[in-house]
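Trainee: Spelled out from the first residue to the last, the chains are:
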Amino acid sequence: MSSPEYWTKPWPSSSADIPPPSESAPAAVAARPTAEQVIAGLRATSEGGPDLVQLLTPEGERVAHPHFDLDITPEGLRDLYRDMVLVRRADRECNALQRQGQLGIWVPLLGQEAAQIGAGRAMRPTDMAFPSYREHGVAWCRGIDPTELLGIFRGTDHGTWDPLEKRFHPYTIVIGNQVLNATGYAMGQRLDGKVGDDHQDDEATIVFFGDGATSQGDVNEAFVWGAVYDAPVVFFCQNNQWAISEPMERQSRIPLYQRANGFGFPGIRVDGNDVLATLAVTRWALEECRSGNGPVLIEAFTYRMDAHTTSDDPTRYRLSDELEAWKLKDPIERVRVHLVRGQFADADFFAHVDAESDALAERLRAYCVDMPTPPAERIFSNVYAESSPPLDRQRDEFLTYLADFDHSGGAH
Amino acid sequence: MAETRSRTTAQGTDTAGDGSTRQAAGAAGGPAGTTQKVTIAKALNLGLRAAMERDPKVVLLGEDIGKLGGVFRITDGLQKDFGEQRVMDTPLAESGIIGTAIGLAIRGYRPVCEIQFDGFIFPGFDQIVSQLAKLHFRTQGRIKVPVVIRVPFGGGIGAVEHHSESPESYFAHTAGLKVVACGDPVDAYWMIQQAIASDDPVLFFEPKRRYQEKAELDTSATPFPLHASRVLQQGSDATVVCYGPMVRTCTDAVRVAAEDGHRLELIDLRSLSPLDLAPVFESVRRTGRLIVVSEAPGESSIAAEIAAQVQQECFYSLEAPVLRVTGFDTPYPPAKLEEEFLPDLDRVLDAVERSLRW
Ligand SMILES: Cc1ncc(C[n+]2csc(CCOP(=O)(O)OP(=O)(O)O)c2C)c(N)n1
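Residue numbers (the numbering used here), protein chains in the order written: chain A, 1 to 412; chain B, 413 to 770.
So that you can see chain B by itself, here it is in the shape it has in the complex (with noise of 0.2 Å):
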């Protein structure tokens, strides 16, 4: 840890909803009435309803998603709604789900599965590799599978074990999948209608940990795309890439940083599958440095993929090693423990300035 500073912690420079950092957050302003204050929670309930609302074929699956709304309450009323065929309470088994996902999608469905929490991905596992990324391919485009796997991710919620965490990297390694994470009700809302509008599978990774945080939605803006990182503030020392729920902590080092007199570029990443690094290979050849934060481990991971990238593409412009802040490549520990696991404030801001100082 950096000897100086003591540990800040992001509630201590709260932002109160973002968007001030954003660079073109929502950038078309729609008419009165369209834009209000939404967690990431309810805006991916109202993105859930829209895409269903649009598209009677999208059905969504999953276990206590009906009644209770998931454990999460995401998809709260969508059956009342919706009727318990198109928000079907599923028989609790993960294969099971996706397993059958896959079965209606051939149909002509699209289906739209919860995974409780990220730790219980792994018996579906098997379907998602062995079918759902490949059917595709296999038959040569003949069969299209428009699944979308829904994930609550990562960690800081003082969870038990298998709670807390970040497979993504897992599903990114596997070719046919697409893979993405929002970090902020904006992209949550747009995001989650634009996998299930894809054609490929996708696997959302939902922060859980931000689900109440809350942002301006404007729902008739013009959504960003899916597939494409997105600058979130500009500057010239350094890049910083992050995705998922490293959006705000890395939001807040910036700020914090820049009260240090560091104007630091944020990138959040948004799709982990396919990975758009242009943005970054643009920000990395002016800063000359990156640091690149996720809370998974980092070994073998989309952390290091980038670094990797970046080292090939970068390698004359870079004035430091690309830097990495992610999880220990360690299991997730018990909650008590949770806070030292985690890049924070402290970690990334530690980063930031070995990068500088290189």
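So that you can see chain A by itself, here it is in the shape it has in the complex (with noise of 0.2 Å):
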């Protein structure tokens, strides 16, 4: 099959290996691993491993990297902070409204609360993005109120927001389709001279997706295309360790962020628990997208902390050790121990930061409870650019068909 150096050649998994933030190299083209290499990033694609870039701990300290750091003002540490709460606060009455009956389904964001504000925050507002479904807090850092997400699980709508204003696509339930368009967006800004060397107006475009996603044709063509395009994508896998109810070894034998090897583009594993980590390395790569150094993968390691919707039961799939343990690393709690410790942040602020999510969460609540539903004519609104005689008659007749209820006092 091949040279038995290629099956012993040392397997480039230390942090040394991560092209630092000058470099635009991409990676080396990795080597086949031995057994016991398979072994250790098997352990590494449950465990983080060594090459997890981490810029604050569980236990809330600033701790180095020599590759990735962060210049960062007490006030911007509070500010990655009250979106965290913030947005956890619209999950968890989200997750409610659903118990109570008032959305048909919702898809919980708790736990992942530092890589999506990490990967938001880093965004520039000429930056465009691909969310999927879980995405409800990227989407707050793109301006998009909460209650916009509402019709999608409410079933009213599919999204309200403008995805061109708003920079921000709508989400995408078919696993792994995004990626590709996420792609061709970015393959059209560079079309567009929007990367180079003019800091002023470049772009770059970020592609969320889970670790389950990953095994999909779309996200491997995506792959291909963002490398032979040069691409400036950031490709943001979420690891959260479980697609439904299959763990990371149904999707992958190697740790996800080495796959970006073989495409011949960086790969990084960044602690997605860690905001500021995660803050820093996309800075990073979507700055390197903006340059022309794209694409990146970035898998942001990270843990779904409730089901993967509120139609799923995950006791009957994963332990409760590894709910706990994960609960000790917890994205909002290790910042908050970090203001305290630091005196970054008063109990006034933290008062302040609850006594707002309260109010959110009053307000989706509201919001939900009132929503109309959209006229019948909106089945038809909108199939198509311009007309579709037929489509029109169809209309018009389930209408009319409908209005002679209306006149005769039935129901429908």
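No lab work stands behind these hints, which were simulated from the structure alone. Only a predicted model underlies this, so the values are computations on that prediction, with no experimental measurement involved. Honestly, I wouldn't trust all of these hints.
As the list claims (entries may be wrong) - Once the Cα atoms are required to be at most 30 Å apart in a straight line, the calculated DSS-like pairs of lysine-lysine come out as: (1) A:Lys194 x A:Lys166; (2) B:Lys492 x B:Lys449; (3) A:Lys166 x B:Lys556; (4) B:Lys626 x A:Lys194; (5) B:Lys546 x B:Lys469; (6) A:Lys194 x B:Lys546; (7) B:Lys469 x A:Lys166; (8) B:Lys479 x B:Lys449; (9) A:Lys166 x B:Lys546; (10) B:Lys479 x B:Lys469; (11) B:Lys492 x B:Lys626; (12) B:Lys556 x B:Lys469; (13) A:Lys194 x B:Lys479; (14) A:Lys194 x B:Lys556; (15) B:Lys546 x B:Lys556; (16) A:Lys194 x B:Lys748; (17) B:Lys546 x B:Lys626.
Could you use the hints to bring the two separately framed chains together as a complex?
Mentor: In structure tokens form, the structure reads like this:
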């Protein structure tokens, strides 16, 4: 099959292999791993491994990283904390709304706040984001009010924000589709000359997907396209360890970030429960893309603390030990501890954020319960950009039919 | 098969540029020098070139479409003239071609994807039906995805499997897509430009076995609307409806029938979604008879849809049941059997006779 050296070359897994921020060359092509290395890789798949970029430990201590660091003011820290608390609160409220029958389903974000806020806050207004369906935190960073997400889960619409104005694509339910769409969009940014040295109007694209999605053909095709066309796209994989009931071992034999090697661009694993590290790494990756050195794969190593969706029952497939272990790595708690320890925030600040989140939850609830069902006309509207006479006829007939009920006073 | 008839071939009744049978082909006579005799392949090439010259946002994506000019040479010379950024030889993955075209369209481009052969569109099916078709609806019109997907379709070229399929009904069944098929060089030239100019996603089916057939093309004429069917031949005895590669077959059948004294009305659908059936209803109300001809398997097909709608709209005018002449409800057969599978002159004429005898 191949020469013996091929099997015995060192597995490029130390953090020294991660290209430093100033360097743009893609990581070297990886050699085939030994059996021990595969096992070590699998362990890294579940434990984070030595390559994990971290700037804030679970105990709330700042640590240095040779390639990624972050200059952040106390105010910047407090803002990140506030973002995470508010999106967690919105998420919990929506979860409750589902339990009370107000939403058909909810896709919880719990545990992934740091990954999403870190990535979302790394973006510039001109950058474009393509989410899957759990990216409520990224939506928040794009200036989308959480009420705009409700219709998707209540069944009144498919998202009401303007994707081009907010630079946040609609949620995508089919696993992996959006990764190709994002890559195409990034190709367009490059064709438009928005990639290069002019740091005023350079742009990049970031696309979000899960660990399960990495098994999809579309994601792999997007990696090929991204590499071949030097597309300014950051592939942001939130490895929350589970694809519904399927653990990482069902998707990959090697840690996901290492796959980037095979496509010819850098792959980095960041502590997805560390908002500072995620912010630093994503900022670097987006800048790489804006300056023409994309794409980059980021694996945000995190954990889905709640069910996959409100229809899921994680007690059937995962152990509570695992959950307990991850609780100790909570993304919000570590920032809180850091703020307190460093005296970057006082009790008033925390009380204020709590009050703000209560108000947000209340507003969400009121909005949700009062959401009107759109008129039947919505079924037919905007199916096409240009008209379709047969569909127009179908709409007219149906609306006339409905109007008959109204006249006769009958129910429908 | 009709008991008395010997197997007639299309070649036997060559029309040498079927303009003579067309009702209003390229009505406006343009200034001198704009008319040329071209094949469907050349007409498509000219149409793509015209669209690219008109709008710098038009980009082509596909496998082998650059230096090679595509396996059918439809994009011949375009990369040379427009560069690699506008005529992109892509990696070999259909979902990738269509999925990235969607992203380019969101960014403001007008991508035209070439699918090498009909049978290879299925890896891209998911992106087409899940994203391309639905983005406009999902975003309440905020996102437009003016993507054209060109698909050489249909059989009759003696190819190996997966190279001769007629998958158009899958797409006509999907809301949000527009689906068209050209049948001659004049339509090829104009329809490809209209499809590219459309703000909706368009599946553009090209009759690959007709690529080399020629007709006069007047590039200064006024084009016929994209989503309108067209009466190619007027007649009063029965109506024949077809599209794509069957246009030529049916044109021949109409002529042969005329020799037998049957005056058939021939309609080229051109647009498969939306269907413009008003001219068909009008025709059937006069003739009382309809034969729908398509290469695709007939079950749950566009031909089936037309039959259903015509019986619904023209019930009291029908003198005979609507007949369908289609491919069989089987996988496309090995090449040595495709002449049996494909509707030909004889099968069309046989159906005409059955209808007239009813
Ligand atoms: C193509 C496709 N297959 C199956 C599903 C059903 N499904 C929804 S989410 C999911 C798991 C996704 O896991 P992952 O990519 O890790 O993302 P996560 O939800 O964990 O963030 C599955 C199988 C789907 N939405 N799309």
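Trainee: A separate judgement is required for each hint: does it hold in the structure or not?
Mentor: Here is what the structure says about each hint:
Distance hint between lysine 194 of chain A and lysine 166 of chain A is fulfilled; the C-alpha atoms sit about 18 Å from each other, no more than 30 Å. With a C-alpha separation of about 24 Å, the suggested pair lysine 492 of chain B and lysine 449 of chain B falls inside the 30 Å cut-off, and the hint holds. Pair hint lysine 166 of chain A plus lysine 556 of chain B holds up; C-alpha atoms about 16 Å apart against a cutoff of 30 Å. This hinted pair does not check out: lysine 626 of chain B and lysine 194 of chain A have alpha carbons roughly 44 Å apart, beyond 30 Å.
Our distance criterion of 30 Å between C-alpha atoms is met by lysine 546 of chain B and lysine 469 of chain B, whose separation comes to about 22 Å. Between the alpha carbons of lysine 194 of chain A and lysine 546 of chain B the distance comes to roughly 28 Å, so the proposed pair stays at or under 30 Å and holds. For the given pair, lysine 469 of chain B sits about 23 Å from lysine 166 of chain A by alpha-carbon distance, which is consistent with the 30 Å threshold. As the CA atoms of lysine 479 of chain B and lysine 449 of chain B are separated by approximately 25 Å, the hinted pair is consistent with the 30 Å bound.
Proximity of lysine 166 of chain A to lysine 546 of chain B is assessed by CA-CA distance (about 20 Å); at most 30 Å being required, the pair is judged to hold. Note on lysine 479 of chain B and lysine 469 of chain B: the hinted pairing holds, with a Cα-Cα distance of about 21 Å set against a maximum of 30 Å. For the suggested pair lysine 492 of chain B and lysine 626 of chain B, the alpha carbons sit about 25 Å apart, so the restraint of at most 30 Å is met. Using a Cα cut-off of 30 Å, the hinted pair lysine 556 of chain B and lysine 469 of chain B holds, with the two alpha carbons roughly 14 Å apart.
With a C-alpha separation of about 27 Å, the suggested pair lysine 194 of chain A and lysine 479 of chain B falls inside the 30 Å cut-off, and the hint holds. Only pairs whose Cα atoms come within 30 Å are accepted, and lysine 194 of chain A paired with lysine 556 of chain B is accepted, the gap being roughly 21 Å. Simply put, lysine 546 of chain B and lysine 556 of chain B have alpha-carbon atoms about 10 Å apart, close enough for the 30 Å limit, and the pair holds. Between lysine 194 of chain A and lysine 748 of chain B the alpha-carbon distance is near 54 Å, which puts this suggested pair outside the 30 Å criterion.
Our distance criterion of 30 Å between C-alpha atoms is broken by lysine 546 of chain B and lysine 626 of chain B, whose separation comes to about 37 Å.
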